[in-house]
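Going down the list, the sequences are from chains A and B.
Positions 2 to 337 (the working numbering) are the ones given, in order, by the first sequence.
Positions 2 to 337 (the working numbering) are the ones given, in order, by the second sequence.
The set of hints was computed from the structure by calculation and includes no laboratory data.
Some hints here could point you the wrong way.
Copies of the same chain are indistinguishable here, so a pair counts whether it falls within one copy or spans any two.
As the list claims (entries may be wrong) - Derived pair list, reagent style DSSO-like, types lysine-lysine, alpha-carbon separation capped at 30 Å:
| no. | residue 1 | residue 2 |
| --- | --- | --- |
| 1 | Lys144 | Lys82 |
| 2 | Lys130 | Lys280 |
| 3 | Lys248 | Lys144 |
| 4 | Lys310 | Lys148 |
| 5 | Lys297 | Lys280 |
| 6 | Lys237 | Lys148 |
| 7 | Lys130 | Lys248 |
Since the model is a prediction, treat every value here as computed from it, not as a measurement.
2 protein chains.
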Amino acid sequence: MHNLGGRSPFRAYILSNIMNNTNNTTQSITKLFDIKYPIICGGMIWVSGHKLATACAHAGIMGLIGAGSMKPELLKQHLEKIPAGTNVGINIPLLYPDSQQQIELALKYGIRIFFTSAGSPKKYTSWLKEQGCTVAHVTSSPKLAAKCQAAGVDAIVAEGVEAGGHNGRDEITTMALIPQVVDAVDIPVIAAGGIGDGRGIAAAFALGASGVQMGTRFAASVESSAHPNFKQEIVKTQSDSTYLALKTVTPVRLIKNQFATEIIALEQQGATSDQLAEKLGKGRARLGMLEGDITKGELEIGQISGLIKELSPVEQIVSNLVSEYQSAVATLPKVL
Amino acid sequence: MHNLGGRSPFRAYILSNIMNNTNNTTQSITKLFDIKYPIICGGMIWVSGHKLATACAHAGIMGLIGAGSMKPELLKQHLEKIPAGTNVGINIPLLYPDSQQQIELALKYGIRIFFTSAGSPKKYTSWLKEQGCTVAHVTSSPKLAAKCQAAGVDAIVAEGVEAGGHNGRDEITTMALIPQVVDAVDIPVIAAGGIGDGRGIAAAFALGASGVQMGTRFAASVESSAHPNFKQEIVKTQSDSTYLALKTVTPVRLIKNQFATEIIALEQQGATSDQLAEKLGKGRARLGMLEGDITKGELEIGQISGLIKELSPVEQIVSNLVSEYQSAVATLPKVL
Chain A
2 MHNLGGRSPF RAYILSNIMN NTNNTTQSIT KLFDIKYPII CGGMIWVSGH KLATACAHAG
62 IMGLIGAGSM KPELLKQHLE KIPAGTNVGI NIPLLYPDSQ QQIELALKYG IRIFFTSAGS
122 PKKYTSWLKE QGCTVAHVTS SPKLAAKCQA AGVDAIVAEG VEAGGHNGRD EITTMALIPQ
182 VVDAVDIPVI AAGGIGDGRG IAAAFALGAS GVQMGTRFAA SVESSAHPNF KQEIVKTQSD
242 STYLALKTVT PVRLIKNQFA TEIIALEQQG ATSDQLAEKL GKGRARLGML EGDITKGELE
302 IGQISGLIKE LSPVEQIVSN LVSEYQSAVA TLPKVL
Chain B
2 MHNLGGRSPF RAYILSNIMN NTNNTTQSIT KLFDIKYPII CGGMIWVSGH KLATACAHAG
62 IMGLIGAGSM KPELLKQHLE KIPAGTNVGI NIPLLYPDSQ QQIELALKYG IRIFFTSAGS
122 PKKYTSWLKE QGCTVAHVTS SPKLAAKCQA AGVDAIVAEG VEAGGHNGRD EITTMALIPQ
182 VVDAVDIPVI AAGGIGDGRG IAAAFALGAS GVQMGTRFAA SVESSAHPNF KQEIVKTQSD
242 STYLALKTVT PVRLIKNQFA TEIIALEQQG ATSDQLAEKL GKGRARLGML EGDITKGELE
302 IGQISGLIKE LSPVEQIVSN LVSEYQSAVA TLPKVL
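Looking at chain A on its own, in the form it has when it is part of the complex (with noise of 0.2 Å):
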């Protein structure tokens, strides 16, 4: 099926996507967010604010603005600090009882690329798209996949069980993930999770994805909004410092720092939802992330963290990717 004969190395990439009459095209994702490398920085609560998505602009990547942590105020200084013209996205969990304001908002200072996640992609998308936005939506199974698509979105940002933070209840990773997404729709993936250098970005593509979406790596920027004694914690994490804790409430990616320790012990004994309520308490993300206390507070972060070994501003990090990327496919066999 592959054999092209003398033709050139470009017209055989082509002509191979042609018969495999296949959605992946790192092209897509450039073109439908209008940016220079097919990456997305993932919205990360109390992490992802104005300097970050801005950085990621300047960068040839979308930045996404995170939604999550932000009560409609918050979100507006956000959205006032970001220069006109510039080029970023925004992230909004379904979940909360503000996601209706923050669409509103955001469309307001004409932000065009929404991001849905945590909840249904048929509630926003059609009236979204009426509004001449971008849409993708996160889902972490296959069958959740075919749904986004039904409900028109542009593309899928197909994440796996090491990501950090928030995470679906299917427990699915990225490298069993991707390639059965991408075979149950037709429209672009992005990747998610587990992703932290070029040779991850390459690993996605081959699986299929026309995208990723990083959000561990960039959390460690200069640029995020992370306390410094968070991003420290991330610097020294190792392979196995996170934990997916909370499964039967809200499963949650965690550095397992003291907090996390007590909470995963509760589980252990078989705590009730309530119980874990009540160990949880108000404002433990925004104690660990933002304010900086790595001992009681919430560090959501993702499992590739324990790779990542300094921080660096985004444009360093950007730069960095591009040539590990085609470090990692310049070493490839083309033939097993």
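Here the structure of chain A is known, so what remains is to put chain B in place on it, guided by the hints.
Showing chain B alone in chain A's frame:
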């Protein structure tokens, strides 16, 4: 770094490896095990017998006898049935009391390729190397990988949490694990867990692996010893059909059948190890995987089983993997 001018692609590939001082060449694996393709069919209890290992040898990959479920007498029967001169290896899990006897038997029958697991790599590696054997050890974390290298193994199998059957306690996914193991050691790394087709192989190589170990895909082969009922269950699974159970005892990934559902319910109620052991009883794995009781038996399989849609002969599976790999690599953009 990769501006290689007008040189040929192959020369560019070799130069690139030299320039990166990388251990990432699939040749290291094909030479080490004297196989055509850098693919290992993993040792699976009740599934990997002489038929499957022999079929793998004929298809140009390394097939491992899964000694974990074999008392010495049964292992002897399998070893006797392998035609003389057939290039097969053996997986010896070190948690069973028979492992020394299993190794001695395998040596007597001419086996020279050993994949040890579930125990310390220090236990037998030096001795096996003195007997002229090639030794790989299975790990689930970069820390353990470094210990394997120190113990003198020839290669490391780095297995992510999506893998079927017995699993490490670290719950690190293949996507997060492989680059961290590759960075931690200088010897070749074989990626395992979540690899079901040629896209998965390409992804593993992009992450820095030099070979892959696949179990689930070959459990659903004509030549595996899995009961026909179990094979049909593998084909029927969806992406979310498996679960990592018995984390507090010995973590194992299973199909969520009636037996597994009962175990999971007990775990969520905070059952003790003794209560779980009582429910488990004896012989559940044999009952499910060899005898075909898909309700009351234990059905160990990887998360990637959702991708497997048909039973095929080993030769067909390998032929598909080779063409799928080539297609996945051909469609990868050279630059981001």
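Here's how the hints hold up against the structure:
1. For a Cα distance limit of 30 Å, the shortest separation of Lys144 from Lys82 qualifies neither inside one copy, at 38 Å, nor across copies, at 44 Å.
2. Taking CA atoms no more than 30 Å apart as the test, Lys130 paired with Lys280 passes in neither setting, with 41 Å inside one copy and 53 Å between copies.
3. Both within a single protomer and between protomers do Lys248 and Lys144 lie at most 30 Å apart by alpha-carbon distance, with minima of 20 Å and 27 Å respectively.
4. When the C-alpha separation of Lys310 and Lys148 is checked against a cutoff of 30 Å, the pair qualifies only between copies, where the shortest distance is 21 Å, while the shortest distance within a copy is 38 Å.
5. Only within a single protomer do Lys297 and Lys280 lie at most 30 Å apart by alpha-carbon distance; the minimum there is 11 Å, versus 38 Å between protomers.
6. For the homomeric pair Lys237 and Lys148, the shortest alpha-carbon distance between copies (21 Å) is at most 30 Å, but the shortest distance inside one copy (39 Å) is not.
7. Taking the shortest alpha-carbon separations for Lys130 and Lys248, neither the intra-copy value of 33 Å nor the inter-copy value of 45 Å comes in at or below 30 Å.
Hints 1, 2 and 7 from the list above are not met by this structure, while the remaining hints are.
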